Amino acid sequence: MRASLIARRSVVYLLLGLAVLIVAFPLVWMAVSALKTDAEIINPAAPLWPRDPQWSNIGRALAQAPFGRWFLNTAIFGVAATAGQLASGLLAGYAFALLDFPAKRLLFMVALSGLMVPFSAIIVPMSQLLGDLGWLNTYQGLIVPNIASALGAFLFRQFFLGTPRELGEAARIDGASELRVFFEVYAPLARPVVAALAIILFLQNWNNFLFPLIVVNTTEMAVLSQGLSVFQSQFTTQYNLIMAASLITIVPVLLVAVAAQRHIIEGITLGALD
Amino acid sequence: MRLRHPMERGVAELVLAGAPARGPRPARRPYRTWALAYAFVAPTVVLTVLFSLVPLAMLLWRSLYSGGVFDLAPEFVGLDNYARMLAEGGGHALGVTGVYTAGFIVLTMGAGLVLALLLNSGAPGVARLRAPFVIPLVVPVVATALIWANMFAPQFGLVNRLLSAVHLPQADFLSSPGLALVAVLTFGAWQFFGQNVVLYVAALKSVPRDVLDAASVDGAGAWRRFAHVQWPMMRRHTLLIWVVTTLTGLQTFTQIYVLTQGGPDGATQTALYYVYNEGFVQFDTGRANAMGVALFLLSLLITVTQIWLLGRVDRAR
Chain C
87 MRASLIARRS VVYLLLGLAV LIVAFPLVWM AVSALKTDAE IINPAAPLWP RDPQWSNIGR
147 ALAQAPFGRW FLNTAIFGVA ATAGQLASGL LAGYAFALLD FPAKRLLFMV ALSGLMVPFS
207 AIIVPMSQLL GDLGWLNTYQ GLIVPNIASA LGAFLFRQFF LGTPRELGEA ARIDGASELR
267 VFFEVYAPLA RPVVAALAII LFLQNWNNFL FPLIVVNTTE MAVLSQGLSV FQSQFTTQYN
327 LIMAASLITI VPVLLVAVAA QRHIIEGITL GALD
Chain P
16 MRLRHPMERG VAELVLAGAP ARGPRPARRP YRTWALAYAF VAPTVVLTVL FSLVPLAMLL
76 WRSLYSGGVF DLAPEFVGLD NYARMLAEGG GHALGVTGVY TAGFIVLTMG AGLVLALLLN
136 SGAPGVARLR APFVIPLVVP VVATALIWAN MFAPQFGLVN RLLSAVHLPQ ADFLSSPGLA
196 LVAVLTFGAW QFFGQNVVLY VAALKSVPRD VLDAASVDGA GAWRRFAHVQ WPMMRRHTLL
256 IWVVTTLTGL QTFTQIYVLT QGGPDGATQT ALYYVYNEGF VQFDTGRANA MGVALFLLSL
316 LITVTQIWLL GRVDRAR
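Note that the protein sequences, when read in sequence, are chains C and P.
The opening residue of the first sequence carries number 87 in the working numbering; numbering runs sequentially from there.
The opening residue of the second sequence carries number 16 in the working numbering; numbering runs sequentially from there.
None of these hints come from the bench; they were simulated from the model.
Nothing here was measured: the structure is a model prediction, and the numbers come from that model.
Possibly wrong hints are sitting among the right ones.
To be verified - Not the full set, but computed from the structure, chain P residues with beta-carbon under 7 Å of chain C:
#1 A52
#2 V153
#3 L219
#4 A229
What the hints assert, rightly or not - Here's a subset of chain P near chain C, in silico, CB distances under 8 Å, partners left out:
#5 L68
#6 A138
#7 A146
#8 L173
#9 L177
#10 L194
#11 L287
#12 T300
Built from N, CA and C at the ideal position, the CB exists for glycine as well.
Kindly generate the complete structure, drawing on both the sequences and the hints.
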């Protein structure tokens, strides 16, 4: 019995170790490739580990393209779109859960209809629409169409439906305005939902590739993912520099992900299963 | 992180939850409360109409008109765009999407379930190993795609070095019609399977401890506990995971864009890549819109199937 437990646990650790290796190895491969010399990187016989790590490759990659500008664009887009999604979702979720008003049912259906229309199906009319608005290659073109969040509205509505109505009633009897009831009584309660959603929405916006691709076609308005893809098309055979550029874009996200792993896991579950 | 697309998640949940019931009218200052409520829902409602429903209407309408960016006088052509789309690469792209999505579902749901079971096995320390699987999901796809392009590269790429180390013939994966889809699928599954690990771990946690203990007391081993207790009790979760996975697979784009641009010879041209290529590279918006409608209908079909199956699962309880 004891021996079989040990055998079973060994299999568990072995398989999990293998899976972690499969996940991690490409990232290790990226790091070692980024540090190889121009000769080592295209030599099939060169050792996997660079003999003399070329840390200067990172500086060389950075000097070849406006990574700073791309980083700034991505940060503006990521922060503004996420803030917009959280705010609009919080407000709409609260109203749909705790306020009564004519046409509520219809408006809720409209808010949810966003879930039925995948962005990927409408990329062509979206780009025509943004073109008509004169919003191509602008921050508002990147941000505004991403603000409505049916998922956010739905999750916040679910959350507020679970909060007691008496809290608001008590505040109203004390003479609080409707705005104060929302801002001082209910909104602070939603903090845990905001935390779980914020990180996952932010990472999603940060990594969004298809949307910026159809809105932006200038180097100065590109986001990091786009810039990286342009970098790759310009330095097709400089594999060590391409890997150094990938490293530059991955590391900040990796740090955020490690710091916020608990919220990320909560956010994934919240979005898909709840 | 192709958490892909939380916007498409749990659609059936939302629809089943239904619209809020109309409550009694508030007695005090109703008009001022209404004004506030409309102000609160306005950003979501107005922006959804403007950036989801209006483009959808444009898509459906324009798919019936001749079009190209240089076509100044579009004419009504009925279903001609659809016929052209299906005949000129679109039918093939839909087939590729089907094969890719099927492989994607099997790989990511299979790996997700197996790893979740291992993480849930109660061996000391393994529960903390969940975190690494999230990494490929949250780092930029373009960057990881470039890594995989490098690993699949001829001669000096990692995969070919491993192949020659064990004296197998090398291959140019991304340029070979037979292997390119396998390579893209391998990367796609690597990038996404962590999400299904996380979701299946949550699903396994939802199975009550005492039910499992009771099964153990009755002499059920690990396999029978899984087959007769955990799996049936996770049916609802499995359905939701399947929907998210399918919608993600259907909309695969960045992987293709970076690794193969739909090539070689259309072997990895998926539906969404077709929309992009026709709409933004070839400028045949007629064909692009026809495929856009196909993508919309496919995701609608999955949503409807989900609602139907969820209803059956819930009634079976």
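Verification of the supplied hints:
1. A52: holds (4 Å)
2. V153: holds (5 Å)
3. L219: Hint on L219/P: violated, closest Cβ of chain C at ~12 Å, above 7 Å.
4. A229: Violated. Min distance 21 Å.
5. L68: holds (6 Å)
6. A138: holds (5 Å)
7. A146: holds (5 Å)
8. L173: It holds, given that the least Cβ distance between L173/P and chain C is near 6 Å, below 8 Å.
9. L177: violated (11 Å)
10. L194: Violated, because the Cβ-Cβ distance from L194/P to chain C comes to roughly 18 Å (cut-off 8 Å).
11. L287: This hint holds: L287/P lies near chain C, its Cβ roughly 5 Å from the closest one there, short of 8 Å.
12. T300: The hint holds - T300/P has a Cβ within 8 Å of chain C, the shortest such distance being about 6 Å.
In summary, the numbered hints that this structure violates are 3, 4, 9, 10.
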